[in-house]
Amino acid sequence: MSTRKTLVVAGHGMVGHRFVDAAIERGLTEQYDIVVYGEEPREAYDRVALTSYYEVGADALSFLPGGTYEDPRATVVLNTQVTAIDRAAKTVALSDGTTKAYDVLVLATGAAPFVPPVPGKDLKNVFVYRTIEDLQAIEEAAKTAKAGVVIGGGLLGLEAANALHKLDVETHVVELAPRLMAVQVDDAGGATLKRHIEKLGLTVHTGVMTEFIDADQDGVEDGKVSGLKFKDVDEVLPADIVIFSAGIRPRDQLARDCGLEVAERGGILVSPNMQTSDESIYAIGECAAPGGRMYGLVAPGYTMAEVAVDALLDGPGEFLGADMSTKLKLMGVDVASFGDAFATTEGSLELVYSDAVAGIYKKLVISEDCTKLLGGILVGDASSYGILRPMVSSGIALPENPEDLILPASRGTAQIGMPDEAQVCSCMNVTKGEICTAIHEQELTDVPSIKQCTKAGTVCGSCTNILKNLLTEEMEKSGKAVDKSICEHFAYSRQELFDLIKIGELKSFDAVVEAHGTGRGCDICKPAIASILASQFNGHVLDKATVGALQDTNDAYLANLQKNGTYSVVPRIPGGEITPEKLIVIGEVARDFNLYTKITGGQRIDMFGARMEQLPEIWRRLVDAGFESGHAYGKSLRTVKSCVGSEWCRYGVQESVAMAIELELRYRGLRSPHKLKGGVSGCARECAEARGKDFGVIATEKGWNLYVGGNGGAVPAHAQLLASDLSKEDLIKYLDRFLMYYVRTADRLQRTSTWIEQLDGGLDRVKEIVVHDALGLGEELEREMSRHVDSYFDEWKATLEDPEKVARFVSFINAPGTPDPNISFTEDRGQIRPVTFDEPVSLGSSIPVGAPQ
Amino acid sequence: MTKTADFTSVCRLEQLERERGATALVAGHAVAIFRTYDDQVYALGNYDPFSKSSVIARGIVGTRGDIPFVASPVYKQAFDLRTGACLDDAGVSVPAYEVMVEDGVVLVGPRKR
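Heads up: the protein sequence lines correspond to chains A and B, in order.
Letter 307 of the first sequence, counting from 1, is numbered 307 in the numbering used here, and no numbers are missing.
Letter 3 of the second sequence, counting from 1, is numbered 1003 in the numbering used here, and no numbers are missing.
Simulated from the structure, these hints should not be mistaken for lab results.
Warning: the hint list may mix true and false statements.
Here are the simulated DSSO-like cross-link-like pairs (lysine-lysine), alpha carbons at most 27 Å apart as the crow flies [unchecked claim]:
#	chain 1	residue 1	chain 2	residue 2
1	A	LYS675	A	LYS728
2	B	LYS1076	A	LYS544
3	A	LYS733	A	LYS702
4	A	LYS675	B	LYS1076
5	A	LYS100	A	LYS166
6	A	LYS124	A	LYS5
7	B	LYS1076	A	LYS563
8	B	LYS1112	B	LYS1076
9	A	LYS702	A	LYS143
10	A	LYS124	A	LYS100
11	A	LYS797	A	LYS675
12	A	LYS582	A	LYS797
13	A	LYS598	B	LYS1112
14	B	LYS1052	A	LYS563
15	B	LYS1112	A	LYS484
16	A	LYS480	A	LYS329
17	A	LYS143	A	LYS121
18	A	LYS805	A	LYS484
19	B	LYS1112	A	LYS805
20	A	LYS563	A	LYS805
21	A	LYS5	A	LYS121
So the derived list for chain B, only partly shown, Cβ under 8 Å to chain A, looks like this [what the hints assert, rightly or not]:
#	residue
22	VAL1055
23	GLU1102
24	GLY1109
25	ARG1111
Here a beta-carbon is modelled for each residue, glycine too, at the ideal position from N, C-alpha and C.
The whole structure should be built from the sequences, with the hints applied where relevant.
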């Protein structure tokens, strides 16, 4: 007899998904088979980021691409709704006509948009704003619409208005209350927000009531929306689209129908451990009402999901209410509200800073004795939210001049008077004291290293500006200027040097040092300048006149230096695709030169243990067999990894192998600030792990999604979505621009992830430049890339054709045939490995030494 | 092999690239020889005490203040071309050898004191 039990989850939204995730992670699936029913045609997605659907598409928002959990004991059934609960029989009825028995039932049915009973609400082109299907319908209607109205000026309403505005529809926002975002901000804050939104070209109507929605004259019932009539206003506001976003109501009908207790104002009543009045049934998220109150934010829903899992594991977790603080960017405007924003505490005082011209409004609510911060509202500039909100929860004493906390930086900074205990990063719980200590003790001089060292700013990033300010402040305190020079020879950053070299058309290190530097360079500036010269002029890296003496040892010998002074040899295998003939050649070469072979994570074959003087012979064999340099030694494009793609894989939707090969060949040889890797996956299963790469391409039904800024290494980073459903042409265009912009502006040895992080505006800035061409640089960057592509040549082949270059590959200048006695090998697992000596080995004087030629 | 007193000729000056090293075999030892921008020639032991491998000649040559130096290609420690002293780690050095150029021929002499 099976002892396994069945747990049914009704609803696969954000909270239902979180529940299943937590259940798998915490081992609830050891006891339960979990089945989730989702009524939408797709798995759970990021509803909070719903508006970005128009930019990034549905796949990018999905929490479970492919629709399956890694744990097979949890399954998702889509397009299926739980329609009734039989508590006595412990079964649920499903919309497909079947029933399903449960041991435990979790209701995660969420909430539905509230549509007030306005005449005309059922007309064509009247929408709500809740699901991807809603957005698709709005998008379709927007194609022929001139004007649209959003009813509701709250958080969701403004999101909807923004979306409509971006669809090129003249947009009106209609709010019954006297101000926008009435729940979060006060009158003055609402007015500031309204000015911002109107500046963007939207029209805001506050304090107005909708009397009815008007229809086309000819089609009375089935007719399309034609306008909106306000109460006490004579004329009708013309509109082709109406979107209701006037709040949400918990979806508790299932619970009501089966007799579970519900709260007075809606929502399924649950105990602090999320149990309903039936102990086998739990409710979580917006459909639940812990203590009689429903929460319309996702964070409390996530907490409820965790608590319910804990309860099912007999844990002590309880839901004790939630922090309703919010910080968001609405149409580019910062809005934040936290703590007792409306000064309801008895005797509380308000401190207000308002700059109508700049569109900034800040209010602090402080205790009667002026010692504690109770809450606040920030509109137009919420940069101090990261400091202020924790001041409320931790009860830190206010500084002597609390107005400094909201005055603009020119008149005082938020940091002044901030005690060391103040929490700067609330995500990772890092205090000001810890950050300042790290800056001094580790001698940190830039924000990325502060992040790396303290973990502050690594989650939501909202405290990055504070980190920057703290750094400047601390460095000034110790009398240091924030220095961007790459080394003692050049008082410029890599980006500045790049521009100076480009503008001055400087083509050699000598020319650069003469024009802008001092001394004769070092191991920092020389490779950096070599890389800049190579990206701009793409000459041969061993050319004496330009870059020959600048290269680091890897570039200087076109191979990777290994620990015993030997080199590894890595021929290019684009996309990891290789013929049996070529595999045999690699095997023969490795055997003949007694090299250690290893298949790498980048889908190539490394051959280790080559002595410097063997490199030309080895490469001659490889070049003759059709191989070329894999640039494993350069700060340049390494590999573009791929899965097997649609030609072989039964899941692939696009040909990832062909794409990976094309991209690898296109960008091969591109010298860059750091090594670059790419990946292409043929479907959302992501077998190429493309999002761990500097650029990752993932096939969708409609084209390609492009992710940027991923890497492995000491500080791994996941690539982020730049654009979706691209055609091949657009994909290559954006990649050209992205890579060239990175090559141009990144610091020395700065990976794409940290580069994006350090750009003002981060990924959004990259999008503006690469996708929207905000700087008008697009064509220039593409042109530079096509010059690189056109001028590519295989540097190993070219080296072998030039006796002067080959001449460098000798063990001893006066004894070219004598191997370096310091190199020797032993064997492990049937292959060579280096032996390192503790002392240099002396050769006897009997070894013949050649005379100068 | 020609020897002038204790000096061994190893190559012609023009065989050396400016600001790069080459390795020569002198009395059974691997010696790294460098020709700087202003045509000074220096010789150091080729053995890098940090990485325990014979690689100094393959490092990048430059200046630190007025000191001509080579950075080991493995872990990048800098060595003074004139004395062999490690600029990044006071107790460490590599041997430095006397060098002279006569009639365009580079000669490596005894270890400097």
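Checked hints:
1. A:LYS675 to A:LYS728: holds (24 Å)
2. B:LYS1076 to A:LYS544: Satisfied, since the Cα-Cα distance of roughly 22 Å is no more than 27 Å.
3. A:LYS733 to A:LYS702: Measuring from Cα to Cα gives roughly 17 Å; hence the hint holds.
4. A:LYS675 to B:LYS1076: At roughly 19 Å apart (the allowed maximum being 27 Å), B:LYS1076 and A:LYS675 satisfy the hint.
5. A:LYS100 to A:LYS166: violated (44 Å)
6. A:LYS124 to A:LYS5: violated (46 Å)
7. B:LYS1076 to A:LYS563: holds (13 Å)
8. B:LYS1112 to B:LYS1076: holds (24 Å)
9. A:LYS702 to A:LYS143: Holds, because 20 Å separates the two Cα atoms, which is no more than 27 Å.
10. A:LYS124 to A:LYS100: violated (37 Å)
11. A:LYS797 to A:LYS675: holds (22 Å)
12. A:LYS582 to A:LYS797: holds (17 Å)
13. A:LYS598 to B:LYS1112: Violated, at roughly 44 Å.
14. B:LYS1052 to A:LYS563: Given that 27 Å is the threshold and the Cα spacing comes to 8 Å, the pair holds.
15. B:LYS1112 to A:LYS484: violated (39 Å)
16. A:LYS480 to A:LYS329: The given pair, whose Cα atoms are some 35 Å apart, is violated under the 27 Å limit.
17. A:LYS143 to A:LYS121: holds (21 Å)
18. A:LYS805 to A:LYS484: It is violated: about 36 Å lies between the C-alpha atoms, which goes past 27 Å.
19. B:LYS1112 to A:LYS805: It is violated: about 33 Å lies between the C-alpha atoms, which goes past 27 Å.
20. A:LYS563 to A:LYS805: Given that 27 Å is the threshold and the Cα spacing comes to 24 Å, the pair holds.
21. A:LYS5 to A:LYS121: With Cα atoms ~45 Å apart, A:LYS5 and A:LYS121 exceed 27 Å; violated.
22. VAL1055: Result: holds, 5 Å to nearest chain A Cβ.
23. GLU1102: violated (11 Å)
24. GLY1109: violated (15 Å)
25. ARG1111: Hint on B:ARG1111: violated, closest Cβ of chain A at ~13 Å, above 8 Å.
Going down the numbered hints, you'll see the structure goes against 5, 6, 10, 13, 15, 16, 18, 19, 21, 23, 24 and 25, while the others check out.
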